[in-house]
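*Asks:* Residue strings, one per chain:
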Amino acid sequence: MRRFFCNFVFLLLSASPQFAGAWSLEEAAKPYSGTEVSMIFLDRPGYNAIIKLLPDFEKRTGIKIKYQIVPYENTREKEELDFSSNGELTVALVDLVWIGEFAEAGWIVPFEEIKKKYPDIIDPNFDINDFIPLILNAFGTWQGKVYGPPFDNYSGLLYYNKDMLKEAGFDKPPETWDELINTYAPKLTKNSKYAFALQSRRGETQSCDSFMRFLWPWGGSLLDAKFHSNLGNPKSQEGLNFRQSLEKYMPPGIVDYDHSDAVNALAQGNVAMITEWSAFYSTLVDPKSSKIVDKLGVAPEPKGPDGRKPALGGFSLAVASQANDKQKAAAWLFIQWATGKEIGKQYVEAGGISGRQSTYKDPALLAKYPFIQPMLDSWQQGVPEYRPRFSEWSKLTDIIAEWGTKMMLNQVSVKQGSDEIGTRTEAVLKDAGYYDGKKPLAQ
Amino acid sequence: MAAIRISKRRFGIAHFVGLLLVLVFCVFPFYWMVSSSLKDPGLILTQKPTLTFQPTLENYQDAFQRNVGGSLGISLFVALTTTALSLLLGTPAAYALARFDFRGKKDIWFWFITNRMVSPIVLALPFFLLASNFHLIGNPIVLVFIYLTFNVPIVVWICSDQFRGIPKELDEAATLEGYNSFSIFWRVALPLGAPGIAVSAIFCFIFSWNELLYALILMRRETQTAPVVATSFMSGYQVPWGQIMATGTLVALPVIIFSLIVSRQMVRGLTMGAIK
Amino acid sequence: MTEQRHRANISTDPVKPSRKPKLRPIRAVPRKTYSSGVIFFLAPAVIVLLAVGIFPLLFAVWNSMHEFILSRARIYALHGQPFLWFQNYLGLVNDAGFRESLFRTFVFLLINLPIQLVLGLLIALLLHKVGHEWLKNICRVSLVIPLATTLAVVGLMGRLMFNSSFGVVNYAVATVISLFHSIGPLLQGHFQVLHGFWRHVVPSNMIDWLGNPNLAFATVSIMDCWQWTPFCALVLLSSLTLVPPEIEEAAKLETDRWWQVLWRVQLPFMLPGITAILILRTADILKMFDVVYTMTQGGPGNATDLISVYVQRVGFRQVDQGVASAQAIVLLIITIILSRIYIRYFYREI
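Residue numbers (my numbering), protein chains in the order written: chain A, 266 to 708; chain B, 53 to 328; chain C, 452 to 801.
Extracted from the complex, chain A is given alone in its bound form (with noise of 0.2 Å):
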């Protein structure tokens, strides 16, 4: 339906006379230029790549690109406070978890309104279908509409310390949890170094890397198709349990953990394998930081007895609703340019990681950074709703935070603190409107 769409809308352009010869970005620039664009970026390797390409974006359009950097802990309340007080932001970035609450706040504007009100602007070659599915699916998509395309990409992958397996007499990484925690984890877990480590801290750490980890693999899930709890049914128990007993293969204080933690004892030596954001690979690849540099080996996760189901994180670029009409121009044309094909490869370059399926087709590329492959097989098997993306999200993820680490100080027992998670989840979705049918069941 799409591609029809898109089709019909390329032919449009090409039938009018306006699309005289190739459309040009100069061109499509020229009424905006001068005006003032600004966003959000994080401190990430995906962000410093773009600004390091904005020179070029700015010279040839003549629109203004102003940036900050705000950590991620900050950029939530940093947009929210903007956007429900006619700030200054024109650009949204949108974590995926965000958009359910950005897109029913109104707070960003759909894909299918910039084009009707400014056709001039659309690149013909934008090609919204070679963004890999998956990932415009969860990131920019909200209800069946697109907002934006998506920018930061992430997938959950197996990082290892290719000299600690072969020294426990492993070639290869385990294929599945299983294995990880029968075979593998045993032999690694010893004089002081560790098989595993989880980064598990109190927040959204806590809710995505550590907790939904171990739920979908099994089977399991938070919620089931009425938006129910499910964490009693006995798929997501058995995930639960086993990330408990794949405790004691994990350094202690392991629930203080946060990503550069984990990344960290692996990098020194102290921790054999762990299941982390793809960006982090360029960490792990410099010699300042790390020093398994020429010992790293990058795998997709490993299944459980449902399948291989990665962790998945992302941000979009949406155009802000309270940006005026020339502004929402710019930061289209912004939005387009950041995300196209043109500077895939240069951006993956510079150290980002594109959203598109043209700019892994390059073999050199895919030789010369290990982590794209497994990153795309990633891809290829995600669930969307690897975290519910709808607006009561922001409520769920401190309530599963907090009894997920709970759970594993065993403060509570497993069954326990599932129980809590489900009664609060349901208490929340129930005052949201779920259940009697007010709001559709969307995550």
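I should point out that these hints are in silico values taken from the structure, not numbers from a laboratory.
Hints may be right or wrong, so weigh each one.
Unchecked claim - Examples of chain A residues lying across from chain B (beta carbon under 8 Å, computed):
id, residue
1, LYS331
2, ILE334
3, GLY352
4, ASN456
Said to hold, decoys possible - Pair ranges (Cβ atoms, derived):
id, chain 1, residue 1, chain 2, residue 2, range
5, A, LEU630, C, VAL558, 49 to 57 Å
6, C, ARG791, B, PHE129, 52 to 60 Å
7, C, ILE792, A, GLN676, 31 to 39 Å
8, B, PHE129, A, LYS437, 57 to 65 Å
9, A, GLN681, B, ASP92, 44 to 52 Å
10, A, THR441, C, VAL569, 34 to 42 Å
11, C, ILE490, A, ASN313, 27 to 35 Å
Quick reminder that beta carbons are idealized off the backbone N, C-alpha and C, glycines included.
Starting from the structure of chain A, add chains B and C where the hints point.
*Replies:* Chains B and C alone, transformed into the frame defined by chain A:
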């Protein structure tokens, strides 16, 4: 006689050791921060913290690349201005509360204090709305005024104590010589109240310098204050320890320098008190 | 030595402390100069604080009585914000998380405030005592260092130093233990007992400061004490300068015991300073957020989830500014009540 002299000397040693302990207590974590900032980034994460190492300035170079330099200037402007304003507004008020007696005095004094009690978390949105109404978002002046709400109470508090300690005979003597109350304030109270004024100035500077929430919400990239820039890359995601420690040191240095300058006033005030 | 005053024409209203009464003295001529001065001294500060501070406070109160979830801003623009009376406040009673967090914060307060006060007092006394001038000067300046460090950096410093694998604190502990082992044979029997006791308390050399709930609480306390004891010390030091030197000298001649001099002579002058510290630190601990956030995010589990961390979560992660405002107003009321209590029992005008 000899016993007293021995005990006095022991006391002298105890005093010395005590002061030394205080020094170590205050300085050690700071020393650790500075030394980490001079270490090679990979070295910080090793199992054995090393006390001897090859110092390197690359963390500082990285820090300056993040525009820490410009933000130091903005922070300096905001902190100095708000401290000066707080002293300007606060010292007369402190004097009034110390010297004059009027009904409602206790209540006014208490009201000053309550200004400092409300959590910035819930005042952030109102301030944001107020500032954007006046088109002041990104203008450091707005921070200067917001910080007054917690700086003036500090000044009033500490200085009113100080002024109360000045004997009233001096005031009466000055009055008899024909000075009006403002001159008394200017010539008698301020110089004698120097230790308190100095301490409150240091506190005002420190609290304004280190304030994070309002600066994060109300400033734009070009006008970010130093702590905001320093924390912009402090996320659980990646913790570049070397750079963080370097920015932490850079951010703390101006405050220490300011206190050095101002604490000489404190000492002067103390000796003046003795000659009183 | 109180001035006598004659109240004619009072326009004060005890409920609204911001009104300034006019003074009409009946003393002899020299006193007249004090009369009108009051307003000019007080007015600038009061006006500025009112102008800047009153609107946000009223707005927060208004928020607390309405529903205000940021993501519904558009709905509010069209239909207005639902008026909730005191529903937000009543909801707090049922909110177990809020109660637990408040309790935890009070435990934190009860543990840390006395420590900071007492240590601050000792430091102030050390700095006040005559002798070792150069060392005293260095000390006085170094007191500023902990305060000067940005709160977020303090939190991260804590993470670095207390890290169980590469933190310097555990390194120091390990060094002490190995020293202990080397002198162990000299102690023989005692050594076994002590060693057994030590191993019972600390199972391994890698003390898990940040992952163990109780130790995490202790670590946050330590960083808070490190940062604020100098504050107490500086305030108490400037209070100590208020003690008239003659009285101090006389007292020192009378008794050799420093604690008697402290109790009888110096403390009464320091009471205003102590009250100030009590009130400020109470208010600050109830607002304490940055350090905990960067060190532990409130975890592990709930161990360091102090009340303002909780409020921030509600106000900015669940973006429910209405409930968060109600919580902050409740905290404000608690602080005011506590402050009144402090003033009643500790404050004495000198």
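*Asks:* Work down the list of hints and note, for each, if the structure agrees.
*Replies:* These are the hints, each one checked on the structure:
1. Given hint, LYS331 (chain A) at the interface with chain B, holds; its Cβ is 6 Å from that chain's nearest Cβ, closer than 8 Å.
2. For ILE334 (chain A), the suggested interface contact is upheld, since its CB lies about 5 Å from the closest CB of chain B, less than 8 Å.
3. Contact between GLY352 (chain A) and chain B, as hinted, is supported at the beta carbon level, the nearest pair being about 7 Å apart and thus within 8 Å.
4. The interface hint given for ASN456 (chain A) is broken, as the beta carbon of that residue sits about 13 Å from the closest beta carbon of chain B, more than 8 Å.
5. Checking the proposed 49 to 57 Å range against LEU630 (chain A) and VAL558 (chain C) shows it holds: the Cβ atoms sit about 56 Å from each other.
6. Between ARG791 (chain C) and PHE129 (chain B) the beta carbons are some 38 Å apart, a value that contradicts the proposed interval 52 to 60 Å.
7. Take ILE792 (chain C) and GLN676 (chain A): their Cβ atoms lie about 34 Å apart, and the range 31 to 39 Å holds.
8. In this structure, PHE129 (chain B) and LYS437 (chain A) meet the distance hint of 57 to 65 Å, their C-beta atoms being roughly 59 Å apart.
9. Between GLN681 (chain A) and ASP92 (chain B) the CB atoms are about 47 Å apart, so this pair conforms to the stated range of 44 to 52 Å.
10. The beta-carbon spacing between THR441 (chain A) and VAL569 (chain C), approximately 58 Å, falls outside the hinted interval of 34 to 42 Å.
11. The beta-carbon spacing between ILE490 (chain C) and ASN313 (chain A), approximately 57 Å, falls outside the hinted interval of 27 to 35 Å.
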